[in-house]
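Going line by line, the protein sequences match chains U and Z. The numbers in the numbering used here rise by one with no breaks, and the one at position 404 of the first sequence is 404. The numbers in the numbering used here rise by one with no breaks, and the one at position 385 of the second sequence is 385.
Any given hint might turn out to be false.
A short, non-exhaustive set of chain U residues, derived as facing chain Z with CB atoms under 7 Å [stated by the list, open to error]:
#1 Gly165
#2 Gly221
#3 Ile223
#4 Asp225
#5 Asn328
#6 Val332
#7 Ile369
#8 Arg371
Covered by chain U, per the in silico footprint, the following chain Z stretches (three or more residues, Cβ under 8 Å) [claimed, not checked]:
#9 128 to 134
#10 204 to 210
Dumping the calculated DSSO-like pairs for lysine-lysine here, alpha-carbon to alpha-carbon at most 30 Å [as the list claims (entries may be wrong)]:
#11 Lys230/U - Lys142/Z
#12 Lys197/Z - Lys31/U
#13 Lys295/Z - Lys182/Z
Bear in mind the hints are in silico, worked out from the structure with no lab data behind them. Using N, Cα and C, we set each Cβ at its ideal position, and we do this for glycine too.
Protein chains: 2
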Amino acid sequence: MFLSKLDSLKDALKLIENNQKVMDYEEIPLKDAHKRVLAEDIISFHDSPPFDKSAMDGFALKGVNTFGASQSNPKHLKIVDSIGAGDFCDKTIGENEAIVIATGSPVPEGADAVLMKEYTTTQGDELTIYSQVTPGENVSPKAEDISKGDVVLSKNTFIRYQEMGLIASAGYNTVKVFKKPKVKVIITGNELVEPTKEEISKAKIINSNQYTIGSMLEDCGVIFDICHVKDSFEEVKEAILESLEEYDVIMTTGGTAISKGDVVLDVVGDIGEILFHGVSIRPGKPIGAGIANDKMIFTFSGQPVAAMSQFDIFARKYLFNMQGRDFNFHIVQRESLLKIPSQLGRTDFIRAFSDDDFARHVLNRGSGIIRSMVEANSYIIIDENDEGYQKGDIVDVVFFDSLIW
Amino acid sequence: MFLSKLDSLKDALKLIENNQKVMDYEEIPLKDAHKRVLAEDIISFHDSPPFDKSAMDGFALKGVNTFGASQSNPKHLKIVDSIGAGDFCDKTIGENEAIVIATGSPVPEGADAVLMKEYTTTQGDELTIYSQVTPGENVSPKAEDISKGDVVLSKNTFIRYQEMGLIASAGYNTVKVFKKPKVKVIITGNELVEPTKEEISKAKIINSNQYTIGSMLEDCGVIFDICHVKDSFEEVKEAILESLEEYDVIMTTGGTAISKGDVVLDVVGDIGEILFHGVSIRPGKPIGAGIANDKMIFTFSGQPVAAMSQFDIFARKYLFNMQGRDFNFHIVQRESLLKIPSQLGRTDFIRAFSDDDFARHVLNRGSGIIRSMVEANSYIIIDENDEGYQKGDIVDVVFFDSLIW
């Protein structure tokens, strides 16, 4: 049964925030760290590059020896050695001397610039140059990227591909990251059957939530398992109690309302504490959440669209924060192409198709109509203090893409 | 050696497009299909919902029997049965009769509306109602989401979580998707060593490209393996020839320039055809591409930032299109917070940190400075026909997030 009065969205979110858990860390090979979150500062063990590095293929030399050289006034230098990639030359370059050098190789002592091969010709050890370079040109100075001892990344940084490169350059081949939460999804409903091309028995419905919720969890970087139980107090209780042993978060779908067979919240109340049940939002009003064994239980609707919206509104931030990653809706402004009615005191998350300028909400949007989510790429959010918008009004939009890990 | 003249970006991209391959399809379990691309139309085997479904917990009844009911003028009906979720009731509702019904259950014959439990009281089989409902209210009509025979999704659709739900509802527990390409990454360079906290030998550099390129490939939904070979014509040739047997695409880093030990393009020319080498872009000029054994070979720079940009500019679209997915840069406009010089005839991809209004390019941007990619979240793209921008000008921006699978 709904608690006597619907909670406001703000109050419900606060109750979840107050019960936020953060995962412990683990040390993993760097190659597995992409899209994880740092649980330590990365302090470089090296200068990068570790030496003055040639940025071009050509000749290492003293820039001053090239001054005045041009196509019409070539100058002549002497080639005294050659350095391939990965090699080191301990010669010191003297006046009017040059060394053949490859991109990435250390510029030898005495040289301060690299002249590109394109501007030269050679005959034996005689180098003819047709262009000048200033000292420092085509040389990446030692430590120009990072210096030994620098904090190059902070704890709680999300590791994209570029951070992977930086962590490697800093000398880490293992890295401490926040553990992935293990989430158990318990799909309730006597009426649910697996997808089949055969005719479905009377009163049965295909279990689509297992696929949507599972995929949303993949988009949150977590580990998860899914099971399906009947609408029985005992079965739901057993499934939740068992899951509380092994998993960090429990999610259920179905059984959140008040009729015969809707038992999930009764179970949560029996084994733990209900934080809230029923929030003034649309879609997704029957959302509930509770705590048992010090773990969060989200109880989503059985209606597919309601369940997806509830996941976006209540669970994403919790799962991101558990892994040490910040998360807030990235709200942008768009012009509404249609009039949107709403109701004071209720926050609406209206499925919409939006582009760089406009938002057009999907018209057919019962909370069971999955097609409405498929046609959408965003929510228009209407605050509880707004009664809706006219065509042409500027509205708040959150793109689905911005919700993904 | 660079081919005599740098190709324009447009010409180089056209050469890649002309050699675009598309993967064959495979049939996989639906549960594994998230973030894959449909290789078939999805035609529904079912109506969804498969029956007139109650959208609320309450009482199924004839709407007309409730007309006029209110708090001050309650009406009385007779409860003749009860339907739990997943159950079916073959009774036909008569005048002033009602059946207890759960969300998701089929509305029985004779009933056309559901009155929410909140507006009722019961005593034995007597139902007292304090509100009226119109016919159709709180009922999700049969097939309101999808109808049997509807094409609900088309070939080439990217499967997000909501598409997963729709495909399940249509009755598919397996689905035909484009195969994932297998990509072999061959990192060349005598100078490269694995990340270590210990001091690194003279002239050696940590191999960071294996981590960045690997992670970028993860972001493109492909399968990949990485190896590291020396800058030897024979070693590179052997690695590429071996990879051509098993992989769909080859990528190399390093060895794309013209000095001693830079051999990758020589190998490509030896075993196949060079499409281009050297493109008028910054960073990333030494990019090359070729075809051998009818497979695409991308030859990226060894410089970390150049390699990342080359991947974004040349390889992402190819890998997306291989998997049946459309891809183009999503370009948005932002105000530049700084002056940006550029050069006519060259396309610049300038690392920048952009928000909803502004773009500020990263100042320290040598092609070896990984930190510059870490500080950035976007490219400012400067067309070859532009000479740069003044502070306050509107510039074209592509967010890194929009490049990801």
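ask   = Out of the numbered hints, which ones does the structure contradict?
value = 2, 3, 4, 5, 9
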